[in-house]
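Student: Residues per chain are reported as follows:
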Amino acid sequence: MINWKRKALVSFNIGLLALSLFSCKEKRGKNDVTILGLDDGGKSVVRYLPKGRYVKKFNKMLGQLHGETTEHLEHFVFDGNWDLKRVTVGLLIVGEQRFTPNFKLEVEPSFELRFHPLPKI
Amino acid sequence: MKNKILFSFLAAVSWINLASAALVPQEWIKDVGPSYEKSMNEGLNGLEQDYDNLLDAKSTMLEKLAQEKSVKNGKRKWFLQSVKSELGIEPVGKIGVIGVKGEAAVEMIWVRTQESIQKLQNKYYGPYRNNIESEEVSVGPKVDETVRLTSNMTHADFEKQIGPIVEASVRTGKVKNRQAFKRNLIQKMKEFQNVAIELERKPQERPWWPYKFQLALYAEASGKVLPYMSVGTGIRVLLEWYRIEKEVADPDDYLVKNHDKPLSENAKFIYAMAKDFETLDELNVRSYKYGLDYIKVGIGLGVKGKIFVAKAKGGMIGSVFFKRDVLGSQNKSMNIKEPKLDDHFYIADEDNSKNREYAYKHKLNVTPLFGNEKSFGEEQKLALYKASREHFRNGLHKTIKMAKFLSKGAVRRAERLRRKGKMVHFDLKVLELELELYLRGGVGAVTLEGIGILELFLVKR
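Protein sequences appear in the order of chains D and A. Sequential numbering of the first sequence, starting at 1, is according to my numbering. Sequential numbering of the second sequence, starting at 122, is according to my numbering.
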């Protein structure tokens with residue numbers, strides 16, 4: 001005879017296990033960064049990244065952009081009749097979603113960086 | 122049994138999914154009536170955590186970036202002055218970093234602090250001695266050329282202003298017909314100037330006043346000049362009219378000079394907007410760390426020069442920026458007799474079945490834009506929807522809570538950094554709240570799939 005009480009308990013425990021596993025996820029979720037976007041059909045897409053990963057990944061990208069832009073600007077010679085006062089560089093987030101076992105989400109930060117000449121003293 | 126376990130598992134997962142995603146109150150992003158007040162503050166704790174988390178992530182990243190040594194040797198001519206980033210709200214109400222596409226609900230401008238600039242100067246030019254004049258962070262649109270106009274410029278002034286633009290455009294090969302480009306651009310400038318003159322006629326006694334008017338244009342190779350709507354290979358030109366300060370300090374003086382002149386339709390439109398923006402005065406009390414300094418309104422312009430709020434993406438071709446006098450300043454005359462204002466204003470949007478149904482439901486008057494009135498979006502079917510100013514004011518009132526929520530988060534973040542005692546390189550200087558305008562006049566935070574018509578600029582004091 002099936003012991004429904006026991007099975008319900010097992011079921012409940014598995015549910016709790018799932019809950020606890022995802023509670024970790026939920027707990028981490030508090031520090032996750034939500035990434036939003038629209039797919040090709042115009043429907044919204046929501047993805048999450050742990051904050052540490054977000055900071056590390058995007059900081060690297062921004063750092064590269066910052067470094068390369070500054071380097072170029074330092075050696076850039078502009079038309080002598082004009083004064084180049086401000087340079088704005090934009091970055092878009094480009095998402096890639098693959099619903100495979102190795103779920104992949106590639107993103108770039110949507111930032112706009114503005115460079116100014118450093119005033120001399 | 123297996124099903125039962127699965128059910129239990131799924132139930133747990135779905136419960137967690139719901140619990141883990143804080144949502145903005147639906148009233149923020151829905152076209153609701155005046156009964157929103159009760160629920161506006163519900164569920165803000167979870168949202169507060171999500172918002173703090175997003176601010177922390179961005180700020181941590183920028184602080185790390187500021188400490189990177191990109192140029193190690195020699196003098197340095199350039200530095201990263203500011204970074205603009207965005208947050209979005211998806212239709213269900215989740216808030217997050219904007220991804221692939223979509224309209225931003227909040228734009229944040231992080232500006233390099235004076236302390237950080239001084240540190241850079243000190244490093245590259247020796248000990249710091251003088252104060253540095255820092256330019257106000259502007260959010261100018263991405264255009265190739267900007268032409269600044271005043272209401273008293275003559276044809277000769279126009280020619281002088283656009284000379285270098287015409288030459289540069291021809292040199293790039295993007296414009297082939299120099300004469301046609303010059304002629305058409307001057308024509309557009311004259312039309313623009315006429316509207317700007319109307320803006321100047323706005324009575325001066327209200328605290329909000331239009332200080333900037335922009336119109337984006339697009340020039341084809343043939344020299345044809347069109348309202349700017351999409352990215353192409355031509356030249357983008359931005360016409361800009363600025364008023365540095367109110368020209369008439371004493372409103373009674375204005376009345377003496379102008380009492381015989383009835384207000385034009387455009388002047389009335391501006392006057393009514395300015396008056397309705399007083400609903401937001403609560404955001405300007407001195408104790409607030411972020412005050413509402415500017416408001417931007419997306420507008421459409423008919424060929425006859427009539428201004429209306431433009432909601433259709435292809436229809437929004439310009440912007441009027443409003444600025445507010447310091448709260449408490451003497452800017453209202455006791456003797457003023459207000460002009461008779463309409464209780465409605467017009468919004469241009471697509472003339473489709475969805476909008477028609479909405480208009481029918483809310484008993485809105487709809488006027489299709491035909492023929493020569495339709496100077497923009499030639500392929501689009503547009504109509505003017507008669508919106509209620511009362512709904513507009515109610516909607517603005519609702520945004521006060523949103524603005525407070527956003528600025529409080531920024532203040533909390535600054536406090537956390539201050540407590541840590543570390544040097545801060547990037548300060549969250551400006552919060553731009555992007556707002557949707559519903560056809561009957563209501564206002565809400567824009568979602569990814571929407572379009573921002575109004576922008577509130579909350580600037581750190």
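These are computed hints drawn from the structure, not numbers from a lab. Careful, some of the hints might be misleading.
[What the hints assert, rightly or not] Calculated cross-link-like contacts (lysine to aspartate or glutamate; reagent style DMTMM-like; alpha-carbon spacing at most 20 angstroms):
hint, chain 1, residue 1, chain 2, residue 2
1, A, 522, A, 397
2, D, 57, A, 177
3, A, 529, A, 403
4, A, 529, A, 341
5, D, 60, A, 189
6, D, 51, A, 152
7, A, 461, A, 403
8, A, 581, A, 402
9, A, 550, A, 570
10, D, 51, A, 184
11, D, 57, A, 189
12, D, 56, A, 570
13, A, 507, A, 189
14, D, 56, A, 184
15, D, 57, A, 278
16, D, 60, A, 177
17, D, 56, A, 173
18, A, 244, D, 71
19, A, 198, D, 68
20, A, 198, D, 40
21, D, 43, A, 576
22, D, 56, A, 189
23, D, 60, A, 184
24, D, 43, A, 341
25, A, 151, A, 446
26, D, 51, A, 341
27, A, 185, D, 68
28, A, 295, A, 341
29, A, 244, D, 74
30, A, 198, D, 71
31, A, 484, A, 459
Student: Checking against the hints above, which ones are violated?
Tutor: When the structure is compared with the hints, numbers 4, 6, 7, 9, 12, 13, 15, 20, 21, 24, 25, 26 and 31 turn out to be violated.
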